[in-house]
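Enquirer: Make the complex out of the two chains shown on their own, each in a separate frame, by following the hints.
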Amino acid sequence: MNRRPVFLISCLCFGFAFFYIPILSLIIFSFNRSRLVTVWGGFSTQWYGKLFQNDQIIKAAVLSLEIAVVSATLATILGTMAGITLARFRRFKGRVVFSGMVTAPLVMPEVITGISSLMLFILMAEWIGWPGSRGFTTVTIAHTTFSMAYVAVIVQSRLASMDAAIEEAAMDLGARPWRVLTDVTLPVIAPAILAGWLLAFTISLDDVVITNFTTGPGATTLPILIWSKVKLGVTPDINALATIIISIVGVGVVMAGIIMHRAEARRERDIQMAIAAGQ
Amino acid sequence: MIEGQAGKGSWFNRRGWRDLIIAIPYGWLATFFLLPFIIVVAMSLARRAEFSPPIAFLDDWPFVRWDNFARLFNDSLYIRAYLTSIWNAGVATFFCMLIGYPMALGITRVGKSWRNVLLMLVILPFWTSFLLRVYAWMGLFGSNSWFNKGLTSIINTVLPADMALRSLPMMNSNFAVVLVMVYSYLPFMILPLYANLEKLDNTLNEAAMDLGSRPWQVFKDVTLPLSIPGIIAGGLLVFIPASGELIIPSLVGNASDPMIGRVISDEFASARDWPMASAVAVALLLMLVLPMMVYSHFENRAQAAGEARP
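Going down the list, the sequences are from chains A and B.
Heads up: the first sequence begins at 1 in the numbering used here, then just goes up one per residue.
Heads up: the second sequence begins at 1 in the numbering used here, then just goes up one per residue.
By construction, these hints were calculated from the structure, which means they are not laboratory data.
Beta carbons: idealized from backbone N, C-alpha and C, even for Gly.
Mixed in with the good hints, there may be bad ones.
[Said to hold, decoys possible] Taking lysine-lysine and the DSS-like style, the derived pairs with C-alpha atoms no more than 30 Å apart in a straight line are:
hint : chain 1 : residue 1 : chain 2 : residue 2
1    : A       : K229      : A       : K93
2    : B       : K220      : B       : K149
3    : A       : K231      : A       : K93
4    : B       : K112      : A       : K231
5    : B       : K220      : A       : K229
6    : A       : K229      : A       : K59
[Unchecked claim] Covered stretches of chain A, going by a simulated chain B footprint (3 or more residues, C-beta under 8 Å):
hint : region
7    : 5-19
8    : 24-34
9    : 55-62
10   : 94-106
11   : 122-131
12   : 139-150
13   : 218-229
[Unchecked claim] Not the full set, but computed from the structure, chain B residues with beta-carbon under 8 Å of chain A:
hint : residue
14   : R18
15   : F33
16   : L45
17   : A49
18   : L83
19   : W87
20   : G90
21   : T128
22   : G142
23   : Y183
24   : S270
25   : Y295
26   : R301
So here's chain B without its partners, still in its complex pose (with noise of 0.2 Å):
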């Protein structure tokens, strides 16, 4: 199965080594990752039984039905469900882009101690329950908490008396839930702006000073074109678990317009409809396959760039 290579000097190229370490991972992923992700696959071709488990193939050729997906199309839940997704995952991913890129550039510009423990700010929620943090904002959201009253006092105050608001129906909504995945995700969005940020080189900003421009200028000629790596690192660090997030719309979002996580986890557990839910799966990982092949594309790059340096 392996074949020869450079440097066969060292201990890891010994053949039996090699197989072995080789195989043990493979063997786990082809099981545990691979084989249930072909059944998944498989299933979405497959049709809703009364028996345990709840799915049979047709009897015969060609086996398989594209009915699930033919539904997907003509049922509006699900293309409400994908777009609903795609637009919470998409306002989450801009407003973490606002809030984070002056945030991660905030970082590169204090001293060298100071930045240690702002980045260490910046991964402290990120190691802490992420059920708790949504948890956090379901307290917020409630119609007697200090932050809605206080929102809704700062609206009252440009709304008249007469229209005057008594809170604001936060909870359960599309607001709630863009919300808390920002707050959730913006770590996600810093930590690789920052890393984009911090190598790039401070002699060309200065260089752009010296020659007369305005610091907006420098930002938009110099380092704003420099970061795109980061930003789009960062944007779909956000927007591909976001996308498909299940806990946040479950918490704090809307039943009646739910996102594609909490569909595919119903006609799973509530609908035991398998294939269904299989289905819905594959075509959320079919519109997150692009995303995913540019962020790693752009990940094999900077790899390639660590590795090519002495």
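Isolated chain A (complex conformation) (with noise of 0.2 Å):
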């Protein structure tokens, strides 16, 4: 197994360059100064001076942001909650019920959560009144039950990984539940929290076919909006929009990959030097 696995080696060079060949192609074709996109005409950064301009797209970026804020704050919520349930709580009545209604979403193709979301909205709207227009409501709404089920999965597995007689012991020794939950259970859980929320929020900002459904006339979120100019066909400014996008993303998870790197390396150093202090 000392060898150099080549072929190995070659498979992941061809995989990363299928990976990443599309992406780089769209930026460089975002700085082209013909309006083909397809043809390159010279260097130019016009499509970006465009872009800045249209305040529709500044407007549908800002939707976005809040939609995606609000619905992940709640989905994490929401979600951490289901999560102690199906980690903690073995055996209540509905359980089954419950962890079924919590996976399925991860699962169920995206036209029919999306569907049945709108009939939803449409039916309650005729029997009770609300919500009396779609919007910023109803696709967080949408987006919160689709994202909390991420959410849940990521916190179950941290608590199920976390021994529960750390959280009894606590109670031993007297404190009250909330100090338990404060000082024991989410200090540990947080790291799966913030992963949960970073996974909601970007679900959310990134999703086309639930908000396709659920959103209403005057509340056009980004990927809505790119998403009609798409169906049209491919124009400079797109790839424009593309790239800024992508760049932000890119640096974004980048960076949080470093950070989450180096926090578990002063860890494992630091459970190192307190072994060692301890011999």
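Expert: See below:
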């Protein structure tokens, strides 16, 4: 096994070329002077300039961010509760239904989630007069429902690897339930909660299908705006917009990865030093 | 509603807390996930109406009708759409395995610091916008793009001169749909496979090598059988979303040969036939129930194995 796995390395090279060449091509052609997206006509940044004069795009981006922050926060609260329920409450009536409802959105085709949510909102408007119109609220509710499943799964698996005896010990030492929650349980699952929030935020920011069904006139998110433009064909200003979005996300993900990697390395070093000091 | 259980000492077992922590997400999911789901199932048994909302149930017993489901089998549009979906998703899953397996295996064979970099490179496209990744291919498929031209000239080298092509009709084809699906879902295949392969005991490989097996034999007899759970998990994570995909076939697919997601969306939005859209959706779910159950079975087993460990 010490030989260089030439075949595997070349597969990796091919795979990463496959991953990144389309994105690179998209970025390069965002600097194209020509209106034709696929034929090079010289370097230019004109499409970026036009982008920042477009109020529609900026409004849509702001709306997307607002929905993403609200729905990710709601999804994190609800998903953490659901994760605690699944990991800690082994027996209660309706557990099977509950765990089914938590995991089903993960595998449900988005078209069906979208259509069923829309039908619910329309019928609710008929029956109880709410929601009066579709927009921010309905999209936020749909995103929360969909993304809380991811938070629940992440929190559940973190709790599963944590020993419940720590919580019981704190109780035995006289801590009140609220103290145990804030001083013991939450610090342990905090990284999972943060990861869950980030995932829920990204899912919401990226969603097209569910938003497309649950939104109404006047509430156009950025992906919906891009979706409606892209359906008509490829244009250089979308390339410019895509380049900006991909750069922001790329830098964010790489930085988050580096920070998490450093924190993990520091934790391991601390544990080792503590062990060394103990000996 | 709640029964007592062992480990009563914990904060979360105090009655009020427990009820609250269970009831809030339970209520939310019941209202916004279970209820819509029940509505869809009920609606698939209704009939179309001209008023709003455009549905009606029969006036007398049994109130429901199965005509929508009968139409699924009578109208060739639906059967073709299901077959197209299964075929496209299946081919995409196969190619994801073909490309993803050696990549996942390759990542386990490099040094630790490289491993983190490569995993990051796999995850990065997964975090960037799905829609924009599909869009990136729309540019490449166009008949004037460097990708299309390059591929055309490669193909022209094997074709006789009088049959030479000017460009490949890649846009709006099933080929484009499958290619973009492989591109979009490849991380879903690589990550579970990597998680599985990483846990394998390398000493088994070495033992087999020491006993004189050739690398290919070691792979076939040791690594591959042990990685079947990873292959199944990755395969289903690709197949299930791919078969219900809406964005990819809408943007690069062939409109006259639609996939099932497109049919559901069109029945609902263009034809305003909610009952039919619901019936198609219910049938799609029934079709996916088996793979979903297989997946959750393997997930639960993996989780149980994880919890059983000290």
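Enquirer: Now look at each hint and say whether the structure bears it out.
Expert: Here is what the structure says about each hint:
1. A/K229 <-> A/K93: Measuring from Cα to Cα gives roughly 49 Å; hence the hint is violated.
2. B/K220 <-> B/K149: violated (39 Å)
3. A/K231 <-> A/K93: violated (47 Å)
4. B/K112 <-> A/K231: violated (43 Å)
5. B/K220 <-> A/K229: violated (48 Å)
6. A/K229 <-> A/K59: This hinted pair holds, its Cα atoms lying about 16 Å apart.
7. 5-19: Held - the region 5-19 of chain A has 11 residues with a Cβ nearer than 8 Å to chain B, which meets the minimum of three.
8. 24-34: holds (count 3)
9. 55-62: violated (count 0)
10. 94-106: holds (count 8)
11. 122-131: This one holds; 3 residues, not fewer than the three required, reach chain B with a Cβ under 8 Å.
12. 139-150: holds (count 5)
13. 218-229: Satisfied; 3 residues make the cut.
14. R18: holds (7 Å)
15. F33: holds (5 Å)
16. L45: At about 14 Å, which exceeds the 8 Å cut-off, the nearest Cβ of chain A leaves the hint on B/L45 violated.
17. A49: This interface hint is violated because 13 Å lies over the 8 Å limit.
18. L83: With Cβ-Cβ at 17 Å, over 8 Å, it is violated.
19. W87: The hint is violated - B/W87 has no Cβ within 8 Å of chain A, the shortest such distance being about 17 Å.
20. G90: Since the shortest Cβ distance to chain A is 16 Å, the answer is violated.
21. T128: holds (5 Å)
22. G142: holds (5 Å)
23. Y183: With Cβ-Cβ at 7 Å, under 8 Å, it holds.
24. S270: With Cβ-Cβ at 13 Å, over 8 Å, it is violated.
25. Y295: At about 7 Å, which falls below the 8 Å cut-off, the nearest Cβ of chain A leaves the hint on B/Y295 intact, so it holds.
26. R301: violated (14 Å)
In summary, the structure is inconsistent with hints 1, 2, 3, 4, 5, 9, 16, 17, 18, 19, 20, 24, 26 from the numbered list given earlier, while agreeing with the others.
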